[in-house]
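A.B. asks: Residues per chain, in single letters:
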Amino acid sequence: MSGMVGVSSKWWFLFCVLSVCGFMAVAWIAGVLSSLPEGRSGHVVEWQAADLRHAPGSGSSIPGAYRLVLDTQGRALLPLPLADLSADAYRFLTIEAESVRSLTHAVLLWSVRSRHDPLFIQQSPPIGPLQQASLPIYGWSGIWLDLSSLPEWSGDLARVGIALQGPPGAEISIHQVRLAPDTMANRLAWFFAGWARYDPLAQWSINVFKGNGIDPPIKFRMPFVVTFLAVGLLLYGLLLVSRRFRPPFDWRVAGGLLLIAWFALDAPWQWQLWRQAMDAEKAFAGKTQGEKALSGPDASIYQLTQGVYPLLGPPPARVFIATSQEYLGLRAAYRLYPHNPYWARGRVNELPSANQLKPGDFVLTLRSTVVKYEPESGELKWPDDQRISAEPLYADPTGQLYRVH
Amino acid sequence: MDLLRISFALGLPWLLGTFVVHRIVPAAMAGRRVLVLGYGFLVGVMLLTLLMRGLDAAGFGLHLIFLVPVVLLLIAIGVLLEYRYPRSFGGVWLSRDYRDLPLWQKLLIAVLLTILAIRLGGLWLEVYWRPLFPWDAYMHWATKSRVWTDAQAIVPFVDYDEWLALQGRGVFTDNHPGYPITTPLLQTWMNLILGRWDDAVMNLPWVLVAAAGGMAFFGQARMAGIGPLAALVFCYFLLSLPILNVQVALAGYADVFMGIFYLAALMAFYHWSNTRLFWQGLLALLLAAGCFLIKNEALYWILALLPGFAAVFLPPRRLILLVGFGILLSAGVLLFFPRDLEVAGHTLAGLGLQFHSDAVLPLLQSLFWFSNWHLLFWMVGFMLLARVIIGFLSGTRWPRPLLALCLILGSAFVLFLVLFLFTGYALTVVGQTSVSRISLQLAPSFVFLAMLLYQDLAKIPPVALPAQKRRTGLE
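In order, the protein sequences belong to chains A and B. Going by the numbering used here, the first residue of the first sequence is number 1, and it counts up by one from there. Going by the numbering used here, the first residue of the second sequence is number 1001, and it counts up by one from there.
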């Protein structure tokens, strides 16, 4: 007994025990510890690179992988050779592959054999309709699909394949495809695989970081981490007040639990940042300002402003921007500086009154819904009976430039 | 060639600020180097942009031929002062504090430093490669820099109607012409030194402000007597906050500057209130003044310092009276202040004061459920609660400087809640847009508070619980 008390007073021992308890609590909540009622305990089926062939797209075997190249329409299909497999025996489909992030979409395709029903003379076709399910391709540890969430994944498998979509000519190297049963180890691996999810930076990214994982099993990471921490600290608190053990309070125990919890949230975030940096390198590294603009989301706006620039003369020319689309308006205004753009955000009529525009001014319409040019009269017209004489100077799919007379 | 220009552009204001802070901070103290470097960058940015305003107001515009010699002259004065009155930059590189650490702590320090280096390095690359991206940066921050870089002068920006009235002569317009101009000036400086407009490279100061904030934080933590490992752990907490990281990665907004400047001011204020050291008070004043140059919200956050001042000087009873008076005064302002009078960019009429219950849940999600701040607010909430309970049970009083800091951040947080639960800005909470950006202006300071609470809790003797007392009695 005194030995147990002695060990339990070692902070590192307590830290390890409490961490394990915390992980167990998280695993239980995640459902990792509970097996499916119907059980899916088939033997693992693996398709290695040598087993794989392709349909649309082209492919070839390379050492340790099968390299698939998307066709001119950006598609590829990988049928998986089957031999008497029952869908109900497997819970997970896993794919280990490289360059998956270049894909825009991937689906699992399958159909099952129809069962012979003695009640009916006319039987259904031997093979059922083709089913499909999206594959979560944005994780950090391969692709894991929980087949138990698919009601149609049941019966004797007739056909199974993986369809990929992405940029034409993109190359994906597939190392292994597996159908795996419902075991504790697979559930833990699935949980780990779903812990991080890559969401490319978008306009809203500067406002919020939700900490999503791949759902299922993880919609938000925070509840799991808080559970880990709460269980660990609660048990520590109980030990501190217990009559039997009563270890001395040690900040290293509580601090260690906090640090693990923080790392658990920070690791996927660091992975996301690093992956984002790689995407930024691919899109922008080594390019000039103009080339970067053409590689980014503003390519069309940049091309338009490059087209109109020579027509504006030396800066600062007054350019009135007419659009109801905020994104177009603010981006075009930015790109027109150091000319003198006027784009009044939120103004219903898109342009001020006609008497505010002077000869020599320019009007740039960007998919405007209210400002129209009448070639017969040579006038720009907009609501409240506003009109002004103008000549068209430039047009492209994004916008048109006019000079006011 | 670009590398040289970038080094020059970033290094000159940093060097200038470092010399200034080096003169202010006395020699020989733990963490001096990082403290001087951290505060040096912030002070350097302030001084540089003030110089730019001054030269432009004096008619010299923003021409490098005038600007660079003035900066170099000031640096030369710093060098001369150092020559005449030498002062040690720092003590030994690895003090006894580090050498005596157990191996596992040294390993953990190495791991944390590696993580921070990877984080900041990755952010540097992201900013270096990615052209200007976020919405507001395009709409009203970088717009000014674009014009000023071309004109090599601070050309005025006015609102839309004034632009029309003036027919655009000598003025420009964007969505927020009245915003403080420090960050656009910093971008302008970068472009002027580069010799071209580059809306990626001009944002590199955003990475440095995060690094400088971390350095200042570490230095002030060591000044507070926090051990090197604990100081680095909290520094890691600060620099790993996702919203802080994303505001650096998608650079162009001023919120991260505001958050770091406010943190720096608050840390210096805390130490001044604890030690009455003149130089800490001076740093607090400088950085607090700098906050006004960054964003309009500075007025509210600096006003929140007033309860902290009161807590430093007043006895508890008078403090409670003053807090009560403050609440009454706030109520009076809300009831009787002119509705159309603009303060820090807002009017009472424009704010539309009423309780928005639909914003409560999204606000809690933003602080506790999403990973915007990792576990920061859970940690602060738990530690505050623990301090209150343990303090009550053990009869331990709150140290005045810590109480002052809690009052400051508590007041700031109340203002934050009023803004997002009682005004039209509640919409931005529901949509999860500006709530995190405004939180970023305060969140770094909460990391500092968490660290001080940890230090204070660690000092409290073990609480005598009833079960222990009975056992003692039986024995």
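Note that these hints are calculated values from the structure, not bench results. One should not assume that every hint holds.
The list that follows gives simulated cross-link-like pairs (lysine-lysine, BS3-like), each with its CA atoms no further than 30 Å apart [as the list claims (entries may be wrong)]:
id : chain 1 : residue 1 : chain 2 : residue 2
1  : B       : K1106     : A       : K219
2  : A       : K282      : A       : K210
3  : A       : K358      : A       : K381
4  : A       : K372      : A       : K358
5  : B       : K1459     : A       : K282
6  : B       : K1106     : B       : K1459
These stretches of chain A come out as covered by chain B in the derived footprint (C-beta under 8 Å, 3 or more residues) [to be verified]:
id : stretch
7  : 143 to 156
8  : 165 to 174
9  : 195 to 205
The C-beta atom is built at its ideal place from N, Cα and C for all residues, glycine as well.
A.B. asks: Which of the numbered hints are not met once you compare them with the structure shown?
C.D. replies: Of the numbered hints given earlier, those the structure breaks are 1, 5, 7 and 8, listed in rising order.
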